[in-house]
Amino acid sequence: SQKIEQNSEALNIQEGKTATLTCNYTNYSPAYLQWYRQDPGRGPVFLLLIRENEKEKRKERLKVTFDTTLKQSLFHITASQPADSATYLCALNRDSNYQLIWGAGTKLIIKP
Amino acid sequence: NAGVTQTPKFQVLKTGQSMTLQCAQDMNHEYMSWYRQDPGMGLRLIHYSVGAGITDQGEVPNGYNVSRSTTEDFPLRLLSAAPSQTSVYFCASRGQADTGELFFGEGSRLTVL
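These protein sequence lines map, in sequence, to chains P and A.
Sequential numbering of the first sequence, starting at 1, is according to the working numbering.
Sequential numbering of the second sequence, starting at 113, is according to the working numbering.
Note that these hints are calculated values from the structure, not bench results.
If the Cβ cut is set under 10 Å, some of the chain P residues that face chain A in the computed set are: (1) Ser8; (2) Pro44; (3) Val45; (4) Leu47; (5) Leu89; (6) Cys90; (7) Ala91; (8) Gln99; (9) Leu100.
On a predicted model such as this, the values are computed, not experimentally measured, just so you know.
We put the CB at the ideal spot given by N, CA and C, even for glycine.
Go ahead and model the full structure; you've got the sequences and the hints to work with.
Quick look at the structure:
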């Protein structure tokens, strides 16, 4: 079956360090992958999209990589800040109708 | 600058009751969708619409109905609530047909007793 895995355990990072979150998938050949941020009691907010033919995408302190051979995306936040604390979701397009399938998310905690 | 607006934010129902979750967007997006979010699980698609008058089932449609009479509104109806429908529901819209980012509402937390 189609599956997306994100680390279910919270990730604790010291302020100023780089946080790296992982998204692994099986039985897919997605055309693109998206990352979202979700704060408690709020809806997800889009951060970045990376296509299958792109190795890396950057936006300010954020960097996403996409390895279609390993079936893995890595999401990096450099110079992390307590305000970066949130749950981060990855999503892949599931089919030609562009429906997304979602990981359960990883909770990131940045400690001062 | 409203984006996607969902109401109500919280709702408690008894088993067997019916209700409608409202969703409205002011971005003129053709695509709208409803998801449910449960602890430890990814967002799951309930129903979606690619334009007024067009709706389709997602991954978990049973027990839910939708309609799309206008571009702006996409209500989700629970016909006969069950405890298994206790969840947080999100409405989302998308401007581009493909690859476009989803814009989410703030969510509606539903508890069915």
